[in-house]
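If you're matching them up, the sequences are chains A and B in order.
Going by the working numbering, the first sequence opens with residue 628, and the numbers climb by one from there.
Going by the working numbering, the second sequence opens with residue 628, and the numbers climb by one from there.
Any given hint might turn out to be false.
Pairs involving identical chains hold if they fit within one copy or between any two copies, as the list cannot separate such chains.
Straight-line distance between alpha carbons at most 25 Å, and here's what the computed DSS-like set of lysine-lysine pairs gives [stated by the list, open to error]:
1. Lys-847 to Lys-796
2. Lys-701 to Lys-830
3. Lys-780 to Lys-830
4. Lys-780 to Lys-686
These are calculated hints, taken from the structure and not from any lab test.
There are 2 protein chains.
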Amino acid sequence: MSVLIFMKQPANEKKGKAASKGKRNLNKERTKEKILAAALELFREHGLEGTTTKQISRKAGIAEGTLFNYFKTKEDLALFFFQKETNDLIRWYGQSARLHDAPLPEKLFAIIHRQLEYIAPYEEFIGAVFFRSLQPRSKLSPLSLESQELRLKYLRFVSDILAQAEEKKEIPPIGELGAYAVGLFYMGIVTHWLHDPSEGKQKTLALLDRSLNLATNVLKKGGWDW
Amino acid sequence: MSVLIFMKQPANEKKGKAASKGKRNLNKERTKEKILAAALELFREHGLEGTTTKQISRKAGIAEGTLFNYFKTKEDLALFFFQKETNDLIRWYGQSARLHDAPLPEKLFAIIHRQLEYIAPYEEFIGAVFFRSLQPRSKLSPLSLESQELRLKYLRFVSDILAQAEEKKEIPPIGELGAYAVGLFYMGIVTHWLHDPSEGKQKTLALLDRSLNLATNVLKKGGWDW
DNA sequence: GCCTATTTATGAGCGTACTCATTTTTATGA
DNA sequence: TCATAAAAATGAGTACGCTCATAAATAGGC
Chain A
628 MSVLIFMKQP ANEKKGKAAS KGKRNLNKER TKEKILAAAL ELFREHGLEG TTTKQISRKA
688 GIAEGTLFNY FKTKEDLALF FFQKETNDLI RWYGQSARLH DAPLPEKLFA IIHRQLEYIA
748 PYEEFIGAVF FRSLQPRSKL SPLSLESQEL RLKYLRFVSD ILAQAEEKKE IPPIGELGAY
808 AVGLFYMGIV THWLHDPSEG KQKTLALLDR SLNLATNVLK KGGWDW
Chain B
628 MSVLIFMKQP ANEKKGKAAS KGKRNLNKER TKEKILAAAL ELFREHGLEG TTTKQISRKA
688 GIAEGTLFNY FKTKEDLALF FFQKETNDLI RWYGQSARLH DAPLPEKLFA IIHRQLEYIA
748 PYEEFIGAVF FRSLQPRSKL SPLSLESQEL RLKYLRFVSD ILAQAEEKKE IPPIGELGAY
808 AVGLFYMGIV THWLHDPSEG KQKTLALLDR SLNLATNVLK KGGWDW
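Can you make the complete structure from the sequences, with help from the hints?
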């Protein structure tokens, strides 16, 4: 019973009228979704600064003040984009059976490429928000926790993939640093991507391919027993 | 004569009253300095969000509107911090003769350590601004150019140091990628630094030392002839 | 169904970053 | 020295993100 308090979406009891408290929760859930959908569409179209909270609430069909009952700030709202993105990425990888036996560089290329494709329609928005999502924010913000969780989730995801490569002797055992390195590498790639004026961001993709192979190669040759 | 238009501070003609147009330019220069000084002190004390443009202009002894004749936005104003920092770093390195013959990891450690010391009093401010300083901003902003210049200046500085290490066979020839890697590495270090709760940021310094030696080691062993 | 407590929605109001028409200061040429 | 043009300073005004007192909606007990 007490376990329930750890569940994000309390299970509805089937008894009582209209599932009891369920109606309220359902509405809340729906409103939140409406806000997120409206915001993302506007962000995609006009970027972060180009979108006003008035526009968002108008498009979501709620009062201006209501928006702030759901998201503490406009920035917090923007950061939910990355929760969706990460969850989507992990789900997608889980379903890409073909990838699971591929060599490490190929795997990482596919994963990062997928992330770039996901953010592609939101370029301006990403430029404004991506790096903020990585910085620590005021301790009181609930998003401080949430973004921390998100980072850990991503790191665990990468760690698992690297651990598998270690087992297969594709790379020497590099431990926890590996996942941080990949995260950092991704930051670098996104920076390059943002500055990249080439058609279809081809230059970034080339850099991605080149540097992944390079890094794996160096690791293989150099070993890690220093 | 026509060369003058390329000079940032037109040379004063000694004739005419009060050096002619000089008085105006001098005042402008002074006002800009006053604003910068006031802003940095307030940023250090209250962070970026905690400082209002009203406070800045009040402390600088000017009207609110005047501030925006000198800096397009509060953020642009904040970014001038990094110009000062980079210039200071390069000047400092030039004067540190002792370092010029040190091994590469030691050199890089000293440089990055110096950067961390420079930003230390501004932690909150840095958290809010550092990564924005790396992102491309709207093409129309004059700071777009200035921040681009600043990045190139830093990259050239690092490139020179790496080229020297290549000559001494400390590392294999890694070309232009090296400087990017160092820049990226610095981003990672700053991220760690911002999250680091340890006394005097010792953990970050340890990480810095460890990873620099590691990277150099791997490079030496692995070579680059793939 | 009805009363009460709790949750959710509302929009006028606040302080902010920033703009712009106007005023003040400075440079120039006669 | 004065008249005129150019540059710089000014601060009331604007749109924004966000708050908060109040109103509406919902849940639970009788």
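- prompt: Given a CA cutoff of 25 Å, do Lys-701 and Lys-830 count as a within-copy pair, a between-copy pair, both, or neither?
  reply: neither (33 Å within a copy, 33 Å between copies)
- request: If the cutoff is 25 Å on CA atoms, where do Lys-780 and Lys-686 land: within, between, both or neither? Let me know, please.
  value: neither (32 Å within a copy, 45 Å between copies)
Up to 25 Å CA-CA - Lys-830 versus Lys-780, copy category: between (29 Å within a copy, 23 Å between copies)
query: Can you tell me if Lys-847 and Lys-796 fall within 25 Å by alpha carbon in one copy, between copies, both or neither?
result: Close inside one copy (9 Å) and across copies (21 Å); limit 25 Å.
Comparing the model with each numbered hint stated earlier shows that hints 2, 4 do not hold.
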